[in-house]
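Please model the entire structure based on the sequences and the hints provided.
So the sequence shown is numbered by my numbering: it starts at 40 and just counts up by one.
Hints are all accurate, no fakes.
Dumping the calculated BS3-like pairs for lysine-lysine here, alpha-carbon to alpha-carbon at most 27 Å: (1) K194 with K260; (2) K187 with K283; (3) K360 with K321; (4) K339 with K92; (5) K321 with K339; (6) K289 with K354; (7) K193 with K260; (8) K335 with K100; (9) K260 with K188; (10) K365 with K283; (11) K100 with K339; (12) K188 with K223; (13) K321 with K335; (14) K107 with K92; (15) K338 with K92; (16) K354 with K187; (17) K249 with K230; (18) K194 with K289; (19) K287 with K260; (20) K92 with K321; (21) K87 with K338; (22) K188 with K287; (23) K187 with K360; (24) K283 with K260; (25) K87 with K138.
Pair by pair, the computed Cβ-Cβ distance ranges are: (26) K260 with T95: 48 to 56 Å; (27) A355 with A139: 37 to 45 Å; (28) A284 with A67: 52 to 60 Å; (29) K194 with G151: 51 to 59 Å; (30) M190 with G342: 35 to 43 Å.
Just so you know, these hints were derived from the structure itself, not from any lab. The C-beta atom is built at its ideal place from N, Cα and C for all residues, glycine as well.
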Amino acid sequence: MRKVIATAALTTLAASLTLGVVQAQSSAQPIIGLITKTETNPFFVKMKEGAQKEATRLGAKLLTAAGKADGDNAGQVAAIENMVAAGAKTILITPSDSKAIVPAIAKARAQGVMVIALDSPTEPASAVDALFATNNYQAGILIGQWAKKAMGTKKAVIATLDLFPGHPVGIARHNGFLAGFGVKGITASTKDLVNTSVACAQDSFGDQTKGQTAMENCLQKNPDINVVYTINEPAAAGAYQALKAAGKEKSVLIVSVDGGCAGVRNVESGVIGATSQQYPLKMASMGVAAGVNYAKTGKKVSGYTDTGVTLITNKAMAGVKSQNGKFGLANCWGQ
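Below is the structure:
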(Lines of atoms letter the chains of each structure in order from A and count residues from 1; the text may use other names and numbers.)
(Lines give C-alpha, C1' and ligand atoms only; values in the text may rest on other atoms or scores of the structure.)
Protein backbone atom coordinates (compact mmCIF):
# COMPACT_ATOMS: atom_id res chain seq x y z
CA MET A 1 0.00 0.00 0.00
CA ARG A 2 2.84 2.36 0.90
CA LYS A 3 4.47 1.62 -2.45
CA VAL A 4 1.24 2.45 -4.29
CA ILE A 5 0.83 5.68 -2.34
CA ALA A 6 4.47 6.65 -2.97
CA THR A 7 4.12 5.93 -6.68
CA ALA A 8 0.95 7.98 -6.87
CA ALA A 9 2.63 10.83 -5.03
CA LEU A 10 5.57 10.79 -7.42
CA THR A 11 3.22 10.75 -10.39
CA THR A 12 1.33 13.72 -8.97
CA LEU A 13 4.60 15.56 -8.32
CA ALA A 14 5.84 14.90 -11.85
CA ALA A 15 2.56 16.13 -13.29
CA SER A 16 2.75 19.24 -11.14
CA LEU A 17 6.32 19.94 -12.25
CA THR A 18 5.38 19.44 -15.89
CA LEU A 19 2.41 21.77 -15.50
CA GLY A 20 4.66 24.31 -13.79
CA VAL A 21 7.13 24.21 -16.69
CA VAL A 22 4.33 24.64 -19.24
CA GLN A 23 2.88 27.55 -17.26
CA ALA A 24 6.29 29.18 -16.94
CA GLN A 25 6.88 28.84 -20.68
CA SER A 26 3.46 30.27 -21.55
CA SER A 27 3.89 33.18 -19.12
CA ALA A 28 7.42 34.04 -20.25
CA GLN A 29 7.73 37.41 -21.97
CA PRO A 30 7.45 36.91 -25.76
CA ILE A 31 10.53 38.07 -27.67
CA ILE A 32 9.85 39.55 -31.10
CA GLY A 33 12.40 40.82 -33.59
CA LEU A 34 11.95 43.63 -36.11
CA ILE A 35 14.46 43.99 -38.96
CA THR A 36 14.06 46.95 -41.30
CA LYS A 37 15.98 47.94 -44.41
CA THR A 38 17.53 51.02 -42.81
CA GLU A 39 17.44 52.97 -39.55
CA THR A 40 17.11 56.37 -41.24
CA ASN A 41 14.26 56.13 -43.75
CA PRO A 42 11.27 57.79 -42.01
CA PHE A 43 9.01 54.95 -43.17
CA PHE A 44 11.03 52.43 -41.18
CA VAL A 45 11.54 54.79 -38.25
CA LYS A 46 7.75 55.00 -37.91
CA MET A 47 7.40 51.23 -38.37
CA LYS A 48 9.81 50.73 -35.47
CA GLU A 49 7.83 53.16 -33.31
CA GLY A 50 4.61 51.31 -34.08
CA ALA A 51 6.15 47.94 -33.26
CA GLN A 52 7.54 49.20 -29.96
CA LYS A 53 4.21 50.74 -28.94
CA GLU A 54 2.34 47.50 -29.62
CA ALA A 55 5.03 45.38 -27.93
CA THR A 56 4.80 47.54 -24.81
CA ARG A 57 1.01 47.34 -24.83
CA LEU A 58 1.06 43.55 -25.10
CA GLY A 59 3.96 42.96 -22.72
CA ALA A 60 6.44 41.68 -25.32
CA LYS A 61 10.15 42.39 -25.63
CA LEU A 62 11.11 43.93 -28.98
CA LEU A 63 14.54 43.47 -30.55
CA THR A 64 15.35 45.75 -33.48
CA ALA A 65 18.01 45.88 -36.19
CA ALA A 66 18.48 47.22 -39.70
CA GLY A 67 20.79 47.07 -42.67
CA LYS A 68 23.37 49.81 -43.11
CA ALA A 69 21.63 50.89 -46.32
CA ASP A 70 18.83 49.75 -48.60
CA GLY A 71 20.10 46.55 -50.20
CA ASP A 72 22.31 45.41 -47.28
CA ASN A 73 21.42 41.72 -47.20
CA ALA A 74 24.43 40.69 -45.12
CA GLY A 75 23.35 43.02 -42.33
CA GLN A 76 19.87 41.54 -42.30
CA VAL A 77 21.20 37.96 -42.28
CA ALA A 78 23.36 38.76 -39.25
CA ALA A 79 20.35 40.34 -37.53
CA ILE A 80 18.24 37.19 -38.06
CA GLU A 81 20.98 34.99 -36.59
CA ASN A 82 21.44 37.28 -33.60
CA MET A 83 17.72 37.44 -32.89
CA VAL A 84 17.28 33.67 -33.07
CA ALA A 85 20.20 33.28 -30.66
CA ALA A 86 18.56 35.82 -28.34
CA GLY A 87 15.38 33.74 -28.17
CA ALA A 88 13.07 35.52 -30.60
CA LYS A 89 10.20 33.27 -31.63
CA THR A 90 8.80 35.72 -34.18
CA ILE A 91 10.81 37.88 -36.57
CA LEU A 92 9.27 40.69 -38.62
CA ILE A 93 11.38 41.73 -41.60
CA THR A 94 11.31 44.17 -44.53
CA PRO A 95 13.62 42.26 -46.88
CA SER A 96 16.30 44.31 -48.63
CA ASP A 97 17.07 41.48 -51.05
CA SER A 98 13.95 39.41 -51.61
CA LYS A 99 15.87 36.36 -52.85
CA ALA A 100 19.20 36.42 -51.02
CA ILE A 101 17.52 36.61 -47.59
CA VAL A 102 15.58 33.37 -48.12
CA PRO A 103 18.21 30.86 -46.84
CA ALA A 104 18.59 32.77 -43.55
CA ILE A 105 14.82 32.87 -43.13
CA ALA A 106 14.60 29.13 -43.84
CA LYS A 107 17.13 28.40 -41.08
CA ALA A 108 15.16 30.48 -38.60
CA ARG A 109 11.86 28.83 -39.49
CA ALA A 110 13.46 25.39 -39.15
CA GLN A 111 14.13 26.32 -35.51
CA GLY A 112 10.47 27.11 -34.89
CA VAL A 113 10.62 30.86 -35.52
CA MET A 114 7.62 32.43 -37.22
CA VAL A 115 8.79 34.93 -39.87
CA ILE A 116 6.50 37.66 -41.20
CA ALA A 117 7.50 39.95 -44.06
CA LEU A 118 6.38 43.57 -43.71
CA ASP A 119 6.00 45.95 -46.68
CA SER A 120 8.19 43.89 -49.05
CA PRO A 121 7.58 40.27 -50.15
CA THR A 122 10.24 37.61 -50.42
CA GLU A 123 10.87 35.57 -53.56
CA PRO A 124 9.20 33.15 -53.36
CA ALA A 125 6.44 34.58 -51.18
CA SER A 126 6.18 31.19 -49.46
CA ALA A 127 9.63 31.72 -47.89
CA VAL A 128 7.88 33.44 -44.97
CA ASP A 129 4.83 32.48 -42.95
CA ALA A 130 2.92 35.63 -43.88
CA LEU A 131 3.11 39.06 -45.51
CA PHE A 132 1.54 42.26 -44.14
CA ALA A 133 1.95 44.94 -46.80
CA THR A 134 0.56 47.60 -49.08
CA ASN A 135 -0.63 46.46 -52.49
CA ASN A 136 2.28 48.24 -54.16
CA TYR A 137 0.96 47.67 -57.67
CA GLN A 138 -2.30 49.37 -56.69
CA ALA A 139 -0.33 52.22 -55.08
CA GLY A 140 1.34 52.76 -58.45
CA ILE A 141 -1.95 52.48 -60.32
CA LEU A 142 -3.49 55.29 -58.26
CA ILE A 143 -0.73 57.84 -58.86
CA GLY A 144 -0.55 56.82 -62.53
CA GLN A 145 -4.26 57.38 -63.04
CA TRP A 146 -4.09 60.72 -61.24
CA ALA A 147 -1.05 61.89 -63.25
CA LYS A 148 -2.72 60.94 -66.53
CA LYS A 149 -5.80 62.98 -65.64
CA ALA A 150 -3.70 65.89 -64.37
CA MET A 151 -1.72 66.08 -67.63
CA GLY A 152 -4.89 66.30 -69.70
CA THR A 153 -4.03 66.64 -73.40
CA LYS A 154 -0.43 67.65 -72.75
CA LYS A 155 2.16 65.19 -74.08
CA ALA A 156 3.86 63.40 -71.20
CA VAL A 157 7.64 63.04 -71.08
CA ILE A 158 8.16 60.66 -68.16
CA ALA A 159 11.10 60.10 -65.82
CA THR A 160 11.02 57.31 -63.24
CA LEU A 161 13.21 57.44 -60.14
CA ASP A 162 13.13 53.81 -59.11
CA LEU A 163 14.42 51.77 -56.16
CA PHE A 164 17.18 49.45 -57.40
CA PRO A 165 17.25 46.57 -59.89
CA GLY A 166 15.18 43.48 -59.15
CA HIS A 167 13.33 44.49 -55.98
CA PRO A 168 9.65 43.43 -56.16
CA VAL A 169 8.35 46.58 -54.45
CA GLY A 170 10.21 48.82 -56.89
CA ILE A 171 8.95 46.80 -59.85
CA ALA A 172 5.33 46.74 -58.60
CA ARG A 173 5.13 50.48 -57.98
CA HIS A 174 6.89 51.41 -61.24
CA ASN A 175 4.78 49.09 -63.36
CA GLY A 176 1.60 50.06 -61.54
CA PHE A 177 2.28 53.72 -62.26
CA LEU A 178 2.77 53.05 -65.97
CA ALA A 179 -0.33 50.85 -66.14
CA GLY A 180 -2.34 53.54 -64.38
CA PHE A 181 -0.99 56.11 -66.82
CA GLY A 182 -2.28 53.98 -69.67
CA VAL A 183 0.72 52.02 -70.90
CA LYS A 184 -0.60 48.76 -72.38
CA GLY A 185 0.53 45.21 -71.69
CA ILE A 186 1.27 45.56 -67.96
CA THR A 187 -0.47 43.55 -65.23
CA ALA A 188 0.10 42.92 -61.54
CA SER A 189 1.96 39.72 -62.47
CA THR A 190 4.46 41.45 -64.81
CA LYS A 191 7.77 40.52 -63.17
CA ASP A 192 10.19 42.80 -65.02
CA LEU A 193 10.50 46.57 -64.96
CA VAL A 194 8.70 47.96 -68.01
CA ASN A 195 10.23 51.08 -69.55
CA THR A 196 7.79 51.60 -72.42
CA SER A 197 6.93 55.32 -72.67
CA VAL A 198 9.72 56.25 -70.21
CA ALA A 199 12.17 58.93 -71.34
CA CYS A 200 14.59 58.35 -68.46
CA ALA A 201 14.79 55.71 -65.71
CA GLN A 202 17.27 56.04 -62.84
CA ASP A 203 17.75 54.22 -59.54
CA SER A 204 17.42 56.35 -56.40
CA PHE A 205 17.61 53.66 -53.67
CA GLY A 206 14.79 55.58 -52.01
CA ASP A 207 17.29 58.21 -50.88
CA GLN A 208 16.90 62.00 -51.16
CA THR A 209 20.47 62.73 -52.21
CA LYS A 210 20.51 59.92 -54.75
CA GLY A 211 17.07 61.04 -55.95
CA GLN A 212 18.43 64.52 -56.63
CA THR A 213 21.37 63.09 -58.58
CA ALA A 214 19.05 60.81 -60.54
CA MET A 215 16.83 63.76 -61.48
CA GLU A 216 19.85 65.79 -62.55
CA ASN A 217 20.93 62.90 -64.78
CA CYS A 218 17.46 62.68 -66.31
CA LEU A 219 17.33 66.40 -67.04
CA GLN A 220 20.67 66.15 -68.81
CA LYS A 221 19.33 63.25 -70.85
CA ASN A 222 16.03 64.94 -71.68
CA PRO A 223 15.34 68.52 -70.53
CA ASP A 224 11.70 68.22 -71.70
CA ILE A 225 10.70 65.84 -68.87
CA ASN A 226 7.40 67.01 -67.37
CA VAL A 227 6.21 64.01 -65.30
CA VAL A 228 8.30 62.38 -62.58
CA TYR A 229 7.37 59.16 -60.79
CA THR A 230 9.40 58.47 -57.64
CA ILE A 231 9.64 55.27 -55.60
CA ASN A 232 9.11 57.20 -52.36
CA GLU A 233 8.88 60.68 -50.91
CA PRO A 234 12.55 61.17 -49.96
CA ALA A 235 13.39 60.51 -53.64
CA ALA A 236 10.62 62.96 -54.59
CA ALA A 237 12.13 65.64 -52.35
CA GLY A 238 15.48 65.11 -54.05
CA ALA A 239 13.89 65.32 -57.49
CA TYR A 240 12.24 68.61 -56.53
CA GLN A 241 15.58 70.10 -55.46
CA ALA A 242 17.10 69.20 -58.84
CA LEU A 243 14.11 70.65 -60.69
CA LYS A 244 14.20 73.83 -58.61
CA ALA A 245 17.89 74.30 -59.32
CA ALA A 246 17.09 74.00 -63.02
CA GLY A 247 14.16 76.43 -62.75
CA LYS A 248 11.67 73.70 -63.73
CA GLU A 249 9.89 73.00 -60.46
CA LYS A 250 6.65 74.71 -61.55
CA SER A 251 6.41 72.97 -64.91
CA VAL A 252 7.02 69.36 -63.83
CA LEU A 253 4.50 67.08 -62.10
CA ILE A 254 5.85 64.82 -59.33
CA VAL A 255 3.97 61.80 -57.98
CA SER A 256 5.14 59.38 -55.32
CA VAL A 257 4.32 56.65 -52.80
CA ASP A 258 4.44 56.60 -48.97
CA GLY A 259 2.07 59.18 -47.48
CA GLY A 260 4.42 60.02 -44.66
CA CYS A 261 3.86 63.22 -42.70
CA ALA A 262 6.70 65.08 -44.47
CA GLY A 263 5.48 63.79 -47.83
CA VAL A 264 1.91 64.91 -47.20
CA ARG A 265 3.19 68.35 -46.20
CA ASN A 266 4.93 68.41 -49.58
CA VAL A 267 1.56 67.64 -51.18
CA GLU A 268 0.08 70.55 -49.22
CA SER A 269 2.81 72.90 -50.44
CA GLY A 270 2.64 71.71 -54.06
CA VAL A 271 6.04 70.01 -54.19
CA ILE A 272 4.32 66.65 -54.82
CA GLY A 273 1.11 66.52 -56.86
CA ALA A 274 -0.18 63.26 -55.41
CA THR A 275 1.10 60.40 -53.29
CA SER A 276 -0.22 56.94 -52.40
CA GLN A 277 -0.41 56.67 -48.62
CA GLN A 278 0.51 53.41 -46.96
CA TYR A 279 0.38 52.42 -43.30
CA PRO A 280 3.59 51.05 -41.72
CA LEU A 281 2.25 51.47 -38.18
CA LYS A 282 -0.53 49.05 -39.04
CA MET A 283 1.91 46.55 -40.57
CA ALA A 284 4.14 46.66 -37.50
CA SER A 285 1.38 46.47 -34.89
CA MET A 286 -0.30 43.58 -36.70
CA GLY A 287 3.02 41.76 -36.87
CA VAL A 288 3.73 42.19 -33.16
CA ALA A 289 0.20 41.10 -32.22
CA ALA A 290 0.58 37.98 -34.36
CA GLY A 291 3.91 37.24 -32.68
CA VAL A 292 2.45 37.53 -29.19
CA ASN A 293 -0.45 35.28 -30.17
CA TYR A 294 2.00 32.70 -31.54
CA ALA A 295 3.94 32.76 -28.28
CA LYS A 296 0.76 32.15 -26.30
CA THR A 297 -1.08 29.67 -28.51
CA GLY A 298 1.43 28.24 -30.98
CA LYS A 299 -0.81 29.36 -33.85
CA LYS A 300 0.95 30.95 -36.82
CA VAL A 301 -0.51 33.45 -39.27
CA SER A 302 -0.33 32.76 -42.99
CA GLY A 303 -0.89 34.34 -46.39
CA TYR A 304 -1.06 37.97 -47.51
CA THR A 305 -2.84 40.75 -45.65
CA ASP A 306 -3.40 43.99 -47.56
CA THR A 307 -2.85 46.86 -45.11
CA GLY A 308 -4.45 49.44 -47.40
CA VAL A 309 -3.52 52.40 -49.62
CA THR A 310 -5.13 55.84 -50.14
CA LEU A 311 -4.38 58.45 -52.79
CA ILE A 312 -3.59 61.82 -51.20
CA THR A 313 -3.84 65.00 -53.27
CA ASN A 314 -5.23 68.51 -53.00
CA LYS A 315 -6.21 68.45 -56.67
CA ALA A 316 -8.89 65.79 -57.00
CA MET A 317 -9.37 64.31 -60.47
CA ALA A 318 -12.69 62.97 -61.72
CA GLY A 319 -12.83 59.19 -61.67
CA VAL A 320 -9.82 58.79 -59.36
CA LYS A 321 -10.78 58.22 -55.71
CA SER A 322 -8.68 60.34 -53.37
CA GLN A 323 -8.47 62.15 -50.04
CA ASN A 324 -7.03 65.60 -49.39
CA GLY A 325 -3.94 66.68 -47.48
CA LYS A 326 -5.91 67.23 -44.28
CA PHE A 327 -6.90 63.55 -44.27
CA GLY A 328 -3.34 62.61 -45.18
CA LEU A 329 -1.85 64.49 -42.23
CA ALA A 330 -4.40 62.98 -39.86
CA ASN A 331 -3.50 59.49 -41.04
CA CYS A 332 0.15 59.73 -42.10
CA TRP A 333 1.96 56.47 -41.37
CA GLY A 334 -1.26 55.10 -39.92
CA GLN A 335 -1.60 57.41 -36.90
